[in-house]
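So the sequences go chain by chain: S and Z.
319 is the number that the working numbering gives to position 319 of the first sequence; each next residue is one higher, with no gaps.
1310 is the number that the working numbering gives to position 310 of the second sequence; each next residue is one higher, with no gaps.
Check the hints yourself; a few may be wrong.
Said to hold, decoys possible - Below, in silico cross-link-like pairs of lysine-lysine (DSS-like), each with a Cα-Cα straight-line distance of 25 Å or less: (1) Lys1080/Z x Lys1111/Z; (2) Lys125/S x Lys1111/Z; (3) Lys240/S x Lys1118/Z; (4) Lys1102/Z x Lys1118/Z; (5) Lys125/S x Lys1127/Z; (6) Lys1275/Z x Lys1338/Z; (7) Lys1080/Z x Lys125/S; (8) Lys1338/Z x Lys128/S; (9) Lys1338/Z x Lys240/S; (10) Lys1056/Z x Lys1102/Z; (11) Lys1275/Z x Lys140/S; (12) Lys1102/Z x Lys1006/Z; (13) Lys125/S x Lys1118/Z; (14) Lys1056/Z x Lys1293/Z; (15) Lys1270/Z x Lys1293/Z; (16) Lys81/S x Lys12/S; (17) Lys145/S x Lys128/S; (18) Lys128/S x Lys1137/Z; (19) Lys1111/Z x Lys128/S; (20) Lys240/S x Lys1111/Z; (21) Lys1126/Z x Lys1102/Z; (22) Lys1006/Z x Lys1080/Z; (23) Lys240/S x Lys1299/Z.
Stated by the list, open to error - Not close to chain Z: a few residues of chain S, all C-beta gaps over 10 Å, as computed: (24) Glu8; (25) Asp39; (26) Phe56; (27) Ser57; (28) Gly87; (29) Ala157.
Bear in mind the hints are in silico, worked out from the structure with no lab data behind them.
On a predicted model such as this, the values are computed, not experimentally measured, just so you know.
Glycine is no exception: its CB is placed at the ideal position from the N, C-alpha and C atoms.
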Amino acid sequence: MEFGEVRELLYKLCALKGTSGNESAVAEGICEMLSAYADTHIDRLGNVMGTRGEGFSILLDAHIDQIGLAVTAVDEDGFVKVARVGGADCRVLTAAQVTVHGRSDVFGVVTSTPPHLKADDSDNKVRKFDDITIDIGLSKEQADKIISPGDRITFNAPFDSLAGNRIASPSVDDRAGVAAILRCLQLLEGKKTCRLDIMFSAQEETGGSGAKVGAFNSQADEAIACDVSFASAPGVSAEKYVALGSGTMVGYAPSLDYNMSRRLTEIAAAKDIPHTAEVMGGRTGTNGDDIQVSGRGIKTALLSIPIRNMHTAVEVVDLADIENTARLMAEYIIERSAENA
Amino acid sequence: MLEILKDLCNLPGISGREDKVRDYIISKIDGYCEYEIDPLGSIIAFKKGAKTPENKIMLDAHTDEVGMIVTGADSDGFIKFANVGGVETAVIIGRNVRIGEKNIPGVLGIKPIHLIEKDEEQELPKKDDLYIDIGAKSKEEALSLVSPGEEIHFESEFIEFGDGFIKSKAIDDRAGCAIMIDLIRSELEYDCCFCFSVQEEIGTRGAAASAYTVNPDYAIVLETTTAADISGVKGEARVCVCGDGGAISFMDRATVYDLNLYRKALEVAKANNIKAQTKTRVAGGNDAGAIHKSRGGVKTLTISVPTRYLHSPCCVCKYEDIESVRDLAKAMISELAK
Chain S
1 MEFGEVRELL YKLCALKGTS GNESAVAEGI CEMLSAYADT HIDRLGNVMG TRGEGFSILL
61 DAHIDQIGLA VTAVDEDGFV KVARVGGADC RVLTAAQVTV HGRSDVFGVV TSTPPHLKAD
121 DSDNKVRKFD DITIDIGLSK EQADKIISPG DRITFNAPFD SLAGNRIASP SVDDRAGVAA
181 ILRCLQLLEG KKTCRLDIMF SAQEETGGSG AKVGAFNSQA DEAIACDVSF ASAPGVSAEK
241 YVALGSGTMV GYAPSLDYNM SRRLTEIAAA KDIPHTAEVM GGRTGTNGDD IQVSGRGIKT
301 ALLSIPIRNM HTAVEVVDLA DIENTARLMA EYIIERSAEN A
Chain Z
1001 MLEILKDLCN LPGISGREDK VRDYIISKID GYCEYEIDPL GSIIAFKKGA KTPENKIMLD
1061 AHTDEVGMIV TGADSDGFIK FANVGGVETA VIIGRNVRIG EKNIPGVLGI KPIHLIEKDE
1121 EQELPKKDDL YIDIGAKSKE EALSLVSPGE EIHFESEFIE FGDGFIKSKA IDDRAGCAIM
1181 IDLIRSELEY DCCFCFSVQE EIGTRGAAAS AYTVNPDYAI VLETTTAADI SGVKGEARVC
1241 VCGDGGAISF MDRATVYDLN LYRKALEVAK ANNIKAQTKT RVAGGNDAGA IHKSRGGVKT
1301 LTISVPTRYL HSPCCVCKYE DIESVRDLAK AMISELAK
């Protein structure tokens, strides 16, 4: 398989588990991976922050939290009641496999209503979120010893290598972005660049608090946020959405710095890096929004990686798109560094 | 028996594609009994016991599991499929599968929740709109990797969890198969026939033929059945309860069981201190549906392992119930032989 470096990064990153507000396990793992390229620390909100170089500064951001659930209670039958953490997709939860991160990790299955207990008209209907419970195979007494309200729950599914350079896995959103930034740092190894602030931010899925705080502490001259966006698939029209494998998506929006967007596009064209334009009419719905209005304000650009099945346990990405995102970031940094030397 | 159950559950074997399951069973029963493979692929085994029975007894479990079958690929390289057996949309979307001889990985994709229209919010995708993404970029590429007619099974490995629970695909009915293998490998008081029947999930087809071949007086079907003992469900709505032993049916949608035989099974369980319960709902159907009507009729009993989330990639049952069903089946062979 091609793109071995990106594949290895993504594999390691997707193996880490942490939802919004409970990213510590992920943060520690990522901190260790980042320390090969930058001086690192973890800040008050759980952001992994790194820095290398001096002078003119560019902030690179990707979020480390993945969507999941949180325990609200253990009922009298020993089943776990839950709340959403970030936009978990209720449609794909029935009989899904999860891990409840209590005092120890506990395996669970999201219950499924047997046919004879379903309301007559409910055959093809999505169940209500409040009806979701998790079977951990324990009595209430046994469960209470290991699990408490607030404990987080993540989705279990394998890291599948599909045809071509495609991968299906949970938490590609946004470990793909983290992988792109780490790959970019690999590509810049040995090269002198301007100051790079790397922010692997917490709590994006629940409103962007991590990025707001991390960006404030950075106060870089420019920022590039790296997240995932929608790729075409059945039901997701190729007229409106780009194909998987079509390269990195350069964001254009009233809220993004127009010069940065156009510069990224020029460089991609000049360096033969596959790319498309993703145009939005207002804000972007990513950390880019929070970074931009942090402190005095920071000029911000957005690079996105197209994926299928966002917010399910089978998010599909093309490794080529992660590699090309990394390449574009690296080329942009090299040019801006030279201009500001 | 747990190791054998684990191996069986992890093998692929949708209806009509039971080969690997059959080969494994043969590897475990070879040397312990005589057996033949019938034209449909069912294994018909004859186990010699200490004594020859007055009545001919047949035990039955099915080797096939529910899954899907490749019908083709669309112009963008997505795999189209049909269900094999009763598979609900809700339990396959957003899941991982494996296809065919080469075990090609694929996922059931879905339109992201962010892009759903208001009126689509409450509805699951229609069956015809479902597809499997194997990462292929074109129809040609897709069909170079998989072929129409190939089997598709759930990717769901066998896991022990909680307080004696098991999660796996295909507990229905590898649990029955594991029990029969265990009995064949043990010493039995009486001779007994064991049918590892194919194609139950698409209409109890293998058992129709195997029951004809064996021509028994009595039959005991070893199955799994829905346990609805989940959060908030009370009383008889639970159908049967994990941990309370084999669920014995008095009636389901395919069979009206001999009432005396049903009562006898509960008595024998009690007399031998084996946990057993009544299946408290007239629902479902199994190989008994074909067996009891075979030739001139066969008195048939069904004992089922209570299993949650049946026909999903994540069936859940309690291992001790599988042991209880085995113990009761063994006791019933002796009881019915006389």
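Quick rundown of the hints versus the structure:
no. : hint                  : in the structure
1   : Lys1080/Z x Lys1111/Z : 16 Å, holds
2   : Lys125/S x Lys1111/Z  : 16 Å, holds
3   : Lys240/S x Lys1118/Z  : 19 Å, holds
4   : Lys1102/Z x Lys1118/Z : 40 Å, violated
5   : Lys125/S x Lys1127/Z  : 13 Å, holds
6   : Lys1275/Z x Lys1338/Z : 23 Å, holds
7   : Lys1080/Z x Lys125/S  : 22 Å, holds
8   : Lys1338/Z x Lys128/S  : 54 Å, violated
9   : Lys1338/Z x Lys240/S  : 73 Å, violated
10  : Lys1056/Z x Lys1102/Z : 42 Å, violated
11  : Lys1275/Z x Lys140/S  : 23 Å, holds
12  : Lys1102/Z x Lys1006/Z : 21 Å, holds
13  : Lys125/S x Lys1118/Z  : 14 Å, holds
14  : Lys1056/Z x Lys1293/Z : 16 Å, holds
15  : Lys1270/Z x Lys1293/Z : 29 Å, violated
16  : Lys81/S x Lys12/S     : 30 Å, violated
17  : Lys145/S x Lys128/S   : 28 Å, violated
18  : Lys128/S x Lys1137/Z  : 36 Å, violated
19  : Lys1111/Z x Lys128/S  : 19 Å, holds
20  : Lys240/S x Lys1111/Z  : 13 Å, holds
21  : Lys1126/Z x Lys1102/Z : 29 Å, violated
22  : Lys1006/Z x Lys1080/Z : 30 Å, violated
23  : Lys240/S x Lys1299/Z  : 63 Å, violated
24  : Glu8                  : 18 Å, holds
25  : Asp39                 : 36 Å, holds
26  : Phe56                 : 36 Å, holds
27  : Ser57                 : 32 Å, holds
28  : Gly87                 : 6 Å, violated
29  : Ala157                : 6 Å, violated
In summary, the numbered hints that this structure violates are 4, 8, 9, 10, 15, 16, 17, 18, 21, 22, 23, 28, 29.
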